[in-house]
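Trainee: Residue numbers (the numbering used here), protein chains in the order written: chain P, 1 to 284; chain V, 1 to 313.
Certain hints may be false.
Claimed, not checked - Partner residues are not named here, just some residues of chain V that face chain P (Cβ under 10 Å, in silico): (1) I50; (2) G65; (3) H71.
Since the hints were made in silico from the structure, they are not lab data. We put the CB at the ideal spot given by N, CA and C, even for glycine.
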Amino acid sequence: MDNPFKQSGQSLHRRAQEIRKKICIMNAAAKSGHTGGDMSEADILAALYFHVLRYSVRADGSVGWQDQFILSKGHGVGGLYCCFAELGWLDDAELKTYLRDDSRLPGHPVRQKMPAWITVNTGGLGHGLPIAAGLALARRRRAAPPQDVPARVFVLTGDGELEEGSNWEAAMAAAHFGLANLVVIVDRNRLQLADFTHNIMDVDPLDRKFHAFGFDVHDTNGNDADAIWKLIESLDYANGKPKVVIAHTIKGRGVSFMENVPAWHHKFPDEAQLKQALTELDHA
Amino acid sequence: MRDLADLRDGAVSALSRLTAAGQDIVVMVADSTSTSKIAAFLDAYPDRVINVGIAEQNMVGMAAGLALGGHIVFTANAAPFLVGRANEQVKNDVCYSATNVKMLGLNAGVAYGPLASTHHAIDDISIMSGFGNVQIFAPCDDVEVAQIVAYAASVDGPVYIRLDNAKFPVVHDAHYRFRPGRPDVLIDGREVAVIALGSVVGEALDACERLQQEGANPTLVNLSSLRPLDQDELARIVADHDAVVTVEEHSLHGGIGATLALLMARRQLHRRLTTLGITEGEFARYGTRQGIRRHYRIDADGIAHAVRAALAG
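When you get a sec, could you build the whole thing from the sequences and use the hints?
Mentor: Structural data, given as structure tokens:
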């Protein structure tokens with residue numbers, strides 16, 4: 001099983017930009033949403049769903065997952081819904097139901113709403129990594145050797161989220177159990193709700209922390225989808241070590257007036273801002 | 001004199017039987033191999049026990065992940081650290097996400113008596129009851145716990161089972177069949193119904209047998225299935241008596257006394273209700289378990305006293 005798209009270069013970049021446009025339109029319509037974090041993760045989601053993750057879409061629309069993905073930064077669900085829309089799994093009209101009463105699109109991922117696509121309910125921070133570690137362990141237990149590439153589990157965390165201690169319990173366990181098929185991707189946009197992470201609670205040196213916990217540590221430009229998939233494809237899944245990809249991103253990436261502005265953590269574009277955002281995203 | 005047996009032995013032997021029968025069971029512990037008395041299972045199935053160390057949040061999170069990966073996962077650690085330390089993982093990763101995780105709350109109530117309130121779990125039923133999607137059981141003997149563990153393994157989704165480290169009297173014989181939701185009537189008597197929770201069913205049974213010698217004939221109900229709970233059946237039992245006495249080694253906030261009070265109020269069942277348990281709004285006293293039970297009148301003497309008072313009106 002492989003990724004059904006395997007896109008790269010400009011076509012993959014356009015996927016990320018289209019996801020961003022949908023995010024702006026959706027959050028403007030909802031008059032809410034975590035716009036900044038949705039935008040920072042767009043290239044990571046594009047790289048995963050349009051190149052890295054191995055899955056097959058069946059005739060009835062259900063999905064068979066070989067690799068699996070958990071969005072630990074559950075507030076970034078807007079980006080995920082828009083990625084699903086870019087995949088053709090949701091239509092643009094349904095995106096307009098984001099945050100509406102009883103819609104399929106609540107403000108954090110709910111697997112009961114979309115059982116084929118959402119692995120687990122996240123929203124409280126520091127939950128995704130322990131769950132991903134358990135899932136990676138189960139996948140390895142299920143693997144029938146010899147197997148060329150084991151089923152991989154990807155988990156996307158925020159960087160402020162790494163202030164939660166539960167992540168480090170899981171990091172210790174992931175290394176202890178040698179979960180080489182676990183890939184933690186940190187959306188390192190350097191901003192959390194209140195301010196820059198280094199002003200609130202400095203998570204650096206992140207690379208050395210993960211290294212000390214026994215991880216295979218890598219850095220990349222998290223707003224370059226090609227760089228992300230190339231790094232993930234180059235990882236050694238037989239080295240007995242869990243992986244971390246510190247994906248350096250810009251919160252609000254792609255729209256000039258959102259980039260690196262803390263207020264855009266939980267802010268939506270008005271009509272004029274939306275127009276400008278769409279223009280910028282079409283031309284970059 | 002009844003035989004005494006450890007609930008954990010019933011649970012662990014059931015896990016071994018189910019695994020031998022082909023169920024894909026994984027047991028997770030947080031350095032709690034001795035607490036859970038898991039040794040026999042560990043010897044037979046060493047690759048089916050996962051010890052995450054002293055890290056309860058990670059134990060429950062990983063349990064959810066292992067369940068998503070297809071395993072039937074049992075967590076086995078002390079109840080205070082499960083419902084307290086890993087509270088949000090229990091809520092989100094297990095209950096809200098409806099993952100196939102069965103949580104064994106070991107040494108609940110004041111089982112850790114003299115180790116004091118950090119180690120007591122007098123709020124586990126209350127806390128679990130606040131979450132959706134989770135079934136809640138409090139077995140009273142090793143016969144019942146084995147059947148509840150088998151039932152838990154057979155249904156998809158979250159289950160909480162309140163366990164203990166003491167030996168409890170075996171009140172069920174081999175013919176007993178646990179039925180989810182059913183109040184288990186141990187003595188079918190009259191006038192007063194004693195309704196007891198798990199670890200103090202033995203105390204209540206002692207009390208009832210003493211009262212029988214005095215010429216009284218109270219009913220005794222083992223309320224082991226808290227969710228699901230057949231409210232109609234429980235209401236029928238209440239309606240058949242003049243008075244109800246609830247007994248629990250749990251806070252009176254959110255325990256079975258509160259359950260009965262709500263049921264009786266909703267159904268306008270005007271019966272005398274006496275709720276025995278740990279005073280709400282307090283941490284339990286510390287000391288020997290028997291001393292704590294005596295203090296809160298949830299030992300056989302206290303229960304017998306309450307029933308006599310109820311009979312006297």
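Trainee: The structure should be examined with respect to each hint, and the outcome stated for every one.
Mentor: Against the structure, the hints come out as follows:
no. : hint : result
1   : I50  : holds, 7 Å
2   : G65  : holds, 2 Å
3   : H71  : holds, 6 Å
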